[in-house]
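Quick note, the sequences are listed as chains A and B, same order.
In this text, residue positions in the first sequence follow full-length UniProt numbering: the first is 1, and each later residue adds one.
In this text, residue positions in the second sequence follow full-length UniProt numbering: the first is 1, and each later residue adds one.
Mixed in with the good hints there might be a few duds.
Pairwise CB distance ranges, derived in the manner of DEER restraints [to be verified]: (1) B:Asn325 with A:Glu276: 55 to 61 Å; (2) B:Ser129 with A:Pro330: 38 to 44 Å; (3) B:Asp237 with A:His136: 58 to 64 Å; (4) A:Thr71 with B:Asp237: 53 to 59 Å.
FYI, nobody ran anything at the bench for these hints, they're computed from the structure.
Glycine is no exception: its CB is placed at the ideal position from the N, C-alpha and C atoms.
Number of protein chains: 2
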Amino acid sequence: MTTTDVFLASKRAALSYDTDPGTGELRAWLAPGGTGNVVAEQAGVLNVSWIASADSDDDRRAAAANPEGVTMRLHSGRDIRVRLIRHDERVFRSVQNHVTADLLWAANNYGWDRWTQPSFDAATRAGWSDFDRFTHDFADELLKSSATSADPLFLVHDYQLVRVPALLREQRPHAPILLFVHIPWPSADYWRVLPREARAGIVRDMLPATTIGFFADRWCRNFLDCVADLLPDARVDREAMTVERQGHRTQLRTMPLGYSPLTLDGRQPELPEGVEEWASGHRLVVHSGRTDPIKNAERAVRAFVLAARSGDLADVRMLVRMNPNRLYVPANADYVRRVEAAVSEANAALGPDTVRIHTDNDVNHTIACFRRADLLMFNSTVDGQNLSTFEAPLVNEHDADVILSEMCGAAEVLGPYCRTVNPFDLAEQAEAIGAALAQDDGERARSAARRREAARPWTLESWVRAQLDGLAADHGARHDHH
Amino acid sequence: MTTTDVFLASKRAALSYDTDPGTGELRAWLAPGGTGNVVAEQAGVLNVSWIASADSDDDRRAAAANPEGVTMRLHSGRDIRVRLIRHDERVFRSVQNHVTADLLWAANNYGWDRWTQPSFDAATRAGWSDFDRFTHDFADELLKSSATSADPLFLVHDYQLVRVPALLREQRPHAPILLFVHIPWPSADYWRVLPREARAGIVRDMLPATTIGFFADRWCRNFLDCVADLLPDARVDREAMTVERQGHRTQLRTMPLGYSPLTLDGRQPELPEGVEEWASGHRLVVHSGRTDPIKNAERAVRAFVLAARSGDLADVRMLVRMNPNRLYVPANADYVRRVEAAVSEANAALGPDTVRIHTDNDVNHTIACFRRADLLMFNSTVDGQNLSTFEAPLVNEHDADVILSEMCGAAEVLGPYCRTVNPFDLAEQAEAIGAALAQDDGERARSAARRREAARPWTLESWVRAQLDGLAADHGARHDHH
């Protein structure tokens with residue numbers, strides 16, 4: 001199996017185009033952070049073309065002008081080749097703003113309260129048929145690109161493309177197909193909230209993959225439970241993590257990813273303006289994450305207040321670092337307001353400017369905050385993996401302890417080396433903050449060394465290797481099986 | 001095993017005392033409806049004393065005056081003997097208003113949105129230690145009552161008493177103990193939302209029962225998943241529905257309950273005032289349930305509007321029948337407001353007084369509405385069983401079709417004979433309403449006959465027998481096993 005036969009696809013291009021105001025020419029730029037971007041790095045490692053969706057008008061113009069794709073240099077210094085799909089614009093918007101944001105993201109991340117949301121109606125069904133067309137666009141592009149290959153290998157990435165494997169399998173009955181889902185998979189009762197057609201259709205369309213990857217065993221188990229719940233003709237083996245259905249066997253695999261060493265190294269970290277002075281002479285607790293309620297900064301701040309009330313933390317300040325993300329989604333905008341309210345209350349209780357929010361999308365700022373922290377806090381309500389939990393301890397220079405939610409995928413690797421917490425339990429988080437800050441320097445240093453040791457092996461390169469090796473093994477086993 | 005050795009306990013007494021204003025004497029009355037009440041009927045069938053919590057001041061006075069218990073006549077005509085436990089009043093209020101209402105009810109019924117709720121703190125921990133004391137009260141009373149019995153058999157009912165089996169087992173290592181949970185059991189990811197001590201402690205304290213009963217396989221499976229998730233030293237066999245831990249085997253059993261024939265027969269149904277005239281000449285859709293968001297009347301009304309818009313339902317009216325329940329719980333009060341708003345919108349869209357709400361706790365009103373309905377709708381977001389789904393088709397006199405949520409425990413028995421729906425899918429529910437009302441009379445009559453046939457066997461008596469037979473079998477197997 002040579003890498004020239006690898007076809008890689010994901011919805012998010014992580015790159016975008018705009019028009020240079022000087023020259024009027026299109027220029028490409030890279031969006032910061034996020035699990036989606038690791039797919040770009042993966043394309044660089046594999047040295048293959050990457051197929052993704054054109055998003056903006058400029059993207060579509062660039063795609064039209066470069067039907068064979070464009071080459072870009074990543075932060076890591078690797079070059080990648082990207083081919084952008086020009087979807088029907090209305091279909092793309094519907095999938096982007098409704099199907100993936102309202103429907104799938106919420107379903108996979110426990111985003112509905114069930115009382116007031118969701119309520120599915122005719123618009124949901126229309127969205128579902130748009131999702132059909134979007135899925136076909138990707139499958140068609142992958143099949144067209146691989147038409148002349150005798151032995152293509154497909155790497156299909158993330159939840160937006162979950163239905164692609166079924167269409168690939170129809171045309172390529174013997175090809176190795178990997179589907180990797182970067183976000184959590186929910187329990188069977190929750191997945192069932194989705195309309196019948198969607199909940200069973202998605203699971204059915206995923207199973208034709210040879211291998212389905214998640215970042216954590218918990219998501220694999222939940223997926224298997226959903227299959228057992230919804231597809232009576234599927235045989236689920238929880239021990240072996242396989243599904244057999246209609247003569248096809250699908251292997252589930254947990255494949256953790258921690259960080260991309262080149263990406264981390266290729267940065268010029270710098271604290272956001274004013275933070276250096278404000279934090280000077282203080283120990284600093286850093287919470288970091290997108291403006292997404294799963295990141296749970298409100299409870300982190302409230303736990304910090306409880307900790308400060310029950311211990312002597314007069315020299316401690318807290319920075320809530322937020323990366324603005326999809327603020328047009330009401331749940332995200334509400335989240336920001338709730339975090340701001342919690343910070344106001346914290347400062348009223350603990351003294352002005354004890355807790356500060358800093359919001360922007362500059363990765364160099366984020367990394368500098370990771371470096372400077374005396375305690376790192378990642379208390380997501382749920383999180384597919386959360387790469388920051390690997391990156392932050394690796395770049396940190398203060399032997400910062402790490403408070404880690406048990407509902408981050410990363411907890412399956414890093415849990416034993418962190419203070420794991422229930423993300424809903426303020427009392428437990430407050431105790432963890434207090435205990436972490438009460439350690440002596442030697443204890444902190446030893447625990448930080450063990451944590452770095454535990455995080456270090458989980459590189460992008462090892463993750464890509466795990467995908468290819470896993471897929472090769474499952475593809476081989478599949479032949480044995482028939 | 002004779003019934004004289006049976007000791008039956010549940011928190012809710014279903015009876016309450018007040019002071020007769022004329023004589024100043026205490027008089028007992030029976031609270032209406034609810035799954036809790038079937039425990040009273042069960043005590044009548046078994047002819048045993050029933051141990052329950054004193055709730056009001058008058059209850060406590062009555063308990064003090066009658067240490068050996070009091071005898072009461074049920075609606076069924078059966079007499080029961082009840083002994084009321086006088087808990088420390090503060091402890092009881094804490095368990096009643098906080099631990100069971102805020103914590104356990106929400107955990108078992110998917111009541112938290114996870115963004116704004118829950119947040120556990122010192123008050124949660126204090127509640128947990130109150131729950132300890134409450135649990136001890138019940139175990140002590142059961143052990144005291146059974147002290148002179150060589151072979152006592154314990155029937156412990158519902159979620160408020162989930163921790164009692166562990167304490168009974170300590171003192172009675174070889175006794176058959178059944179724990180029956182009347183409400184849903186959630187998925188492992190959701191149960192995990194509870195604080196560590198509570199989530200693992202409850203599951204650990206349930207397992208010393210010989211048999212754990214639920215109304216549906218789905219709740220048994222979820223419980224087994226929680227055990228596997230939280231107790232590494234437990235061996236879970238999902239096929240056999242058993243758990244082995246520390247030398248003890250626990251058997252999970254699904255034991256459906258439908259209705260109590262004597263209770264149904266002993267009524268004098270009467271439509272609430274004005275309903276007869278209002279519904280006259282119209283076909284009537286009836287939605288019925290407590291004022292609890294799981295009952296999902298808001299979506300039922302919205303689905304009715306969609307159905308009316310896409311079909312000719314000019315002759316159809318809808319009655320939302322609500323039993324007031326714990327309106328001091330904010331989620332319940334919010335629910336009522338949302339239902340009222342949906343009804344206002346429906347009447348604005350479909351014409352004045354097309355949809356009407358009727359609220360009271362008179363069981364005779366409820367049964368009369370069940371009789372009168374041309375279509376019955378039970379679309380709970382989740383529901384342990386929902387006895388109304390059995391009672392209503394059995395008393396109905398119009399061959400009413402039944403729309404039934406797939407998330408009611410009852411759907412495992414009645415699903416094949418009803419129109420099962422996803423409770424979150426308005427479009428699906430609207431189609432079900434349209435299709436149900438479009439049937440011809442013969443079709444309706446045949447389907448109603450099949451449905452009554454399916455519902456009829458699930459009597460209180462058969463449920464009590466299932467408990468005793470299941471417990472005897474599991475107790476026997478336990479001896480084989482050692």
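Evaluation of the provided hints:
Between asparagine 325 of chain B and glutamate 276 of chain A, the C-beta spacing of about 57 Å keeps the proposed range 55 to 61 Å intact. Checked against the hint of 38 to 44 Å, the C-beta distance between serine 129 of chain B and proline 330 of chain A comes to roughly 39 Å, which is consistent with it. About 43 Å separates the C-beta atoms of aspartate 237 of chain B and histidine 136 of chain A, a value inconsistent with the hinted range of 58 to 64 Å. As the Cβ distance of threonine 71 of chain A to aspartate 237 of chain B is approximately 56 Å, the hint placing it in 53 to 59 Å holds.
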